[in-house]
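Chain A: place on chain L using the hints.
Protein chains: 2
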Amino acid sequence: MQLGAMQDWKLRVTHLADYAAREHGTREIVSHWADGSETRTNWAGIRRDALKMTQALRQMGVKKGDRIATLAMNHHRHLVTWYGAVGVGGVLHTVNPRLFDDQLEYIANHAEDKVLLFDAAFAPIVERMKPKWKTIEHYVCFDSGEPAIHFEDWIGAQDGETEWEDGDEREPCMLCYTSGTTGNPKGVLYEHRSTMLHAMAGLQPSIFDFDARSVMLPVVPMFHAAAWGLPWGGAAAGVKFVYSAVNDPAVLCDLMQREKVTHSAGVPTVWLATFQHMDATGATLPHLKQAIIGGSAAPRFMVERLMKAGVNVAHAWGMTETSPIGTTGARTFDWDDLSFEEQVDIKCKQGRTPFGVELRCVSLDDPGVVLPRDGETSGALQVRGPWVLKRYFKAEEDAVDKDGWFDTGDVAILYPDGTLQLTDRTKDVIKSGGEWISSVELENAAVGHPAVAEAAAIGIHHPKWDERPVLFVVKKAGQDVSADELKDYLAGHVAKWWLPDAIEFVDDIPHTGTGKISKKDLRERFKDYTLEDAA
Amino acid sequence: MQLGAMQDWKLRVTHLADYAAREHGTREIVSHWADGSETRTNWAGIRRDALKMTQALRQMGVKKGDRIATLAMNHHRHLVTWYGAVGVGGVLHTVNPRLFDDQLEYIANHAEDKVLLFDAAFAPIVERMKPKWKTIEHYVCFDSGEPAIHFEDWIGAQDGETEWEDGDEREPCMLCYTSGTTGNPKGVLYEHRSTMLHAMAGLQPSIFDFDARSVMLPVVPMFHAAAWGLPWGGAAAGVKFVYSAVNDPAVLCDLMQREKVTHSAGVPTVWLATFQHMDATGATLPHLKQAIIGGSAAPRFMVERLMKAGVNVAHAWGMTETSPIGTTGARTFDWDDLSFEEQVDIKCKQGRTPFGVELRCVSLDDPGVVLPRDGETSGALQVRGPWVLKRYFKAEEDAVDKDGWFDTGDVAILYPDGTLQLTDRTKDVIKSGGEWISSVELENAAVGHPAVAEAAAIGIHHPKWDERPVLFVVKKAGQDVSADELKDYLAGHVAKWWLPDAIEFVDDIPHTGTGKISKKDLRERFKDYTLEDAA
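Protein chains in written order, with our numbering: chain L, 128 to 662; chain A, 128 to 662.
Treat the hints loosely; a few may be bogus.
Each pair may be met inside one copy or between any two copies, as identical chains are not told apart.
[Said to hold, decoys possible] Dumping the calculated DSBU-like pairs for lysine-lysine here, alpha-carbon to alpha-carbon at most 30 Å: (1) Lys387 - Lys435; (2) Lys190 - Lys529; (3) Lys137 - Lys191; (4) Lys416 - Lys476; (5) Lys603 - Lys643; (6) Lys558 - Lys614; (7) Lys529 - Lys137; (8) Lys387 - Lys476; (9) Lys521 - Lys137; (10) Lys435 - Lys416; (11) Lys602 - Lys558; (12) Lys623 - Lys647; (13) Lys416 - Lys387; (14) Lys623 - Lys654; (15) Lys614 - Lys554; (16) Lys623 - Lys643.
It is worth saying that the hints were derived from the structure and are not from the lab.
In isolation and in its complexed conformation, chain L is listed as follows (with noise of 0.2 Å):
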């Protein structure tokens, strides 16, 4: 016998759309387009735009659990499609249009996608990849029409006189790919509970700190890991949004400045860019109250300098695995007496993990043991809560463990206070003798010689230590260094043992579809290169 009862409410997104429009309306949502034109629209707007694309959805014959994909950058109707696709009971499927051709392929095919929503820009694309994806059948343009239907003309056939889909709560409401270091992309399937429980925690002020006040301007792009839940957290504070389809440094300086924008959020290479367009313009941020940084680690002089300007940095770590937020660079208890270095040395770690997170380290050699939280030993980082991956897309089995942990990838150390600290990622650690190398502090320490544009290390395998480092270095135009002075620099900054056996001068270093340094490239490259000394 039930004895009493709270309200039954389930953990809907919709609810989010629902909630901004009734309560935060009239708050704008600017879209800045790449012919430098400007749209505006509200909360009311994006949701009754949301009821109407669900209607011409269901006329389209998608139903519940459908994947609907976009190719877009940020602008109000990708955003109208995010509640508009899971109003209908489907599942939104952000493609990054960055990806290659075969991962494009794969990903929309693997996906099943039934309706693909796409920029204009993106038209070349969609043109290319069209008779290799099986499986759409309806192809909508954000902004232009012929050959595609176009956005505005479909869903300004319906009147928006609809109900969202109902459903159970951990049905599944949004699918993301991450291109992994191996094989194909894998897709992450957020469910409407996970999405939603992330969206709750985000407001609090250690995460993107969010009130009816905050004016956001997401330089993550949509299609970025869930574009960090910022749109479904933005609702559930009625933030006012600032968009900009273009990531040109000075567009986004003049946004921020006219919209007055309180909050961004980005890659590091995005405030590196924001800063040289300031230094050469003499342009300020005089608005900015909240940077959130993730992606990658954010170099020192970056934090400090975003510190020094009074904003509050957020410097995260995530994965598309976590929805993404894992941990961000939250303010500690005893914040007010740090002096500013203090302060900044907290900033440039990973931070601490939000309530609904826990991480634990465990030995690289042997993940049955869990290694001490003592700001010392490195391990292979795990991850679980109720916003973090159980099962990848169509997979066979758990990608957890029996206790309920995911191994991040990530190689890090945890201090005392649950602080993070990531020094490589597990497949790129090199293990020498017993021990093991951090490829990503070798190439840290590579870079900071003025000589050295880009550096990449992997382990070569070796018959006495197993696997011993190589260097492999881009030099800076116009610059000169040689393998010995090179070696001798970094004897200065990393342990004996790590030195790298040989240094080998490249053109380029291979790079994945994101951006980042692709290892797996750079071994495949020289799998047959061989170390003089134990040849």
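Quick look at chain A alone, frame taken from chain L:
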């Protein structure tokens, strides 16, 4: 076929203690006792003691769903009890020691409490009530031995090496009674899930604005409306709690200064007493940043004074049935463009809903008519959401309508932007000639007169108008005013047809156990009262 999945993770409140102990384990929990002594522990200690209590309760034979009652002020042993009671799968029942004996008797018997933990200060209540409490098998005293078990001895016999009881997230975790204006008190049975969602929402800047730096002194008693969820929400951010077992303003001010308290929460009378102490002694609260005021409406000068001191005021509305957060005086999107006076205007209303809470007003005459959010029309306030009551404890039927709306018993106006303004209680509003008169507005106008100490308006039957207001007034000591003078004064503050048909001067006005004016008792006292012109 399940195509993929995110992790299974139940919304059980024991996760909160686990997180706080793991990630904020050294963060202090301070208790100031009635004798002036202080105890310091931390989140790791709270969890360890709660696990010990879980073991101790198991030894007593406490099983899943059993009710464990407390009769206690604010201190860390009470906090331990919150987590220990839910840890064993039990239901924490916080009892208000200020209730009348017949209420205390009814509540403990209706709840079927099995164990009672109490402060030595309330031992007289326990001795007096023991013969009337039919189900309580074990008595544990927080701060004394004999004749009850001493809390520290009781848990001290355990080693804490155990696991929390597992279960469904919709199992109950807490029970709070609300002393209604009519009939017996009603129990609100909170679930793990509802409590957790409420706690997560509470972290956001618009509610408690909690992060690891926060130092919270909750003046709101832990037995009042689930302590506003603070023991749960505080754990989710790892805040430092400063508890005082006494509510003496001198002690509170001293603690706030010494412990660098940044956040506090209490009813308006607490702030009033604090101000008086500050004025008398010159004490200041230099660290205070966030003041949550709830329970009843805060007067304008209180809001103003706190804001002038640089404190953000969260003027909240809620009730035991809403966990209790319903609305908070969140800063609006245009906050920084408003004048100080405009900001105070906003904070003097009851604010807006966070994501998760939905409000509407319906006609007092016909609940089928939903009223516009026009800032003018007042009606019966209804609420729904994941942390809102559906069915009272042991009730035969749900307390919500077919669409899930719970009637709050409040009369309110909603503004176009969702801002809530309370005007009366449904049971107290006076119907005259088909129109409604707010008893609260009449009373507020009356207490504006310098000779009036307290005033209460009730509706008296009238053959022509249905009801007409009669105002009962207690004069200030040494002050005088006639009925005609007061009527003249009121004429300048309310509509002519609102003016009371009679003003009666009385020596006292009856109050409830929680200190509010008891209109029920007032009506009972004057049940034979007739209006002269209606006789």
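Hints versus structure:
no.	hint	result
1	Lys387 - Lys435	both (19 Å within a copy, 26 Å between copies)
2	Lys190 - Lys529	between (34 Å within a copy, 28 Å between copies)
3	Lys137 - Lys191	both (17 Å within a copy, 25 Å between copies)
4	Lys416 - Lys476	both (20 Å within a copy, 28 Å between copies)
5	Lys603 - Lys643	within (18 Å within a copy, 77 Å between copies)
6	Lys558 - Lys614	within (20 Å within a copy, 91 Å between copies)
7	Lys529 - Lys137	both (28 Å within a copy, 16 Å between copies)
8	Lys387 - Lys476	both (29 Å within a copy, 27 Å between copies)
9	Lys521 - Lys137	both (25 Å within a copy, 24 Å between copies)
10	Lys435 - Lys416	both (11 Å within a copy, 23 Å between copies)
11	Lys602 - Lys558	within (27 Å within a copy, 86 Å between copies)
12	Lys623 - Lys647	within (26 Å within a copy, 84 Å between copies)
13	Lys416 - Lys387	both (10 Å within a copy, 25 Å between copies)
14	Lys623 - Lys654	within (26 Å within a copy, 94 Å between copies)
15	Lys614 - Lys554	within (24 Å within a copy, 84 Å between copies)
16	Lys623 - Lys643	within (28 Å within a copy, 75 Å between copies)
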